[in-house]
Amino acid sequence: MGRYSVIALAIVAILAVGFLWTEQGDDAAERASGDVSAGGAPMVEVVLPETLSTNAQVGKLAYEAKCAVCHGTNAAGQDGVAPPLVHKIYEPSHHGDGAFLLAAKNGVRAHHWRFGNMPPVAGVTDGDVKMIVAYVRELQRANGIN
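Once you know that position 15 of the sequence shown is 16 in my numbering, the rest is easy, because the numbers rise by one and skip nothing.
Heads up, a few of these hints could be off.
[Said to hold, decoys possible] 30 Å max Cα-Cα, derived DSS-like pairs, lysine-lysine:
(1) LYS106 to LYS67
(2) LYS89 to LYS106
(3) LYS89 to LYS67
(4) LYS131 to LYS67
(5) LYS131 to LYS106
(6) LYS89 to LYS131
Honestly, the hints are just simulated from the structure, not real lab data.
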């Protein structure tokens, strides 16, 4: 194989990786904007707490408005769409409350799951995220994640 053939193959490989990377990001952005119907099966079974604190009740409403389209009802995730937040990976000692704020504001590069990158969440405030985190943490505790 000649030098030019190797260079051509390398360029094709780089373009293919770039295309696939962009496609994953575009899909995540479309899901977050509501342009694509998510509809994946829940990834985990979530036990609901008997009661929610006032902050968690507010957080549940914000979660349903901004997060559930991807992360599913009660943060159970959606197969092929987005991971469950009621999962040991998101326990407070591994992903602190600030990680949720940064993810919502800036998006997140895929690193634990193979769903593609998470885009920033449009229109969510720091206060919204604080309440959403209260909701998610109460769901986690009800499911033995502390």
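- [ ] Please work out if LYS89 and LYS131 have their alpha carbons no farther apart than 30 Å.
- [x] 20 Å, holds
Open item on the list: Next pair to validate is LYS89 with LYS67; report whether the Cα-Cα distance is within 30 Å.
Closed with: The hint holds at about 22 Å.
Open item on the list: Check whether the Cα positions of LYS131 and LYS67 lie no farther apart than 30 Å.
Closed with: Holds, at roughly 13 Å.
Task: Given pair status - LYS106, LYS89, alpha carbons within 30 Å - done: 23 Å, holds
Open item on the list: Just to be careful, I want the Cα atoms of LYS106 and LYS67 compared with a cutoff of 30 Å; is the pair within it?
Closed with: Cα-Cα ~12 Å, so holds.
TODO: Quickly compare the C-alpha distance for LYS131 and LYS106 to 30 Å and report which way the hint goes.
DONE: Since the Cα atoms of LYS131 and LYS106 sit roughly 12 Å apart, the hinted pair holds (cutoff 30 Å).
In this structure, none of the earlier numbered hints is contradicted; all agree with it.
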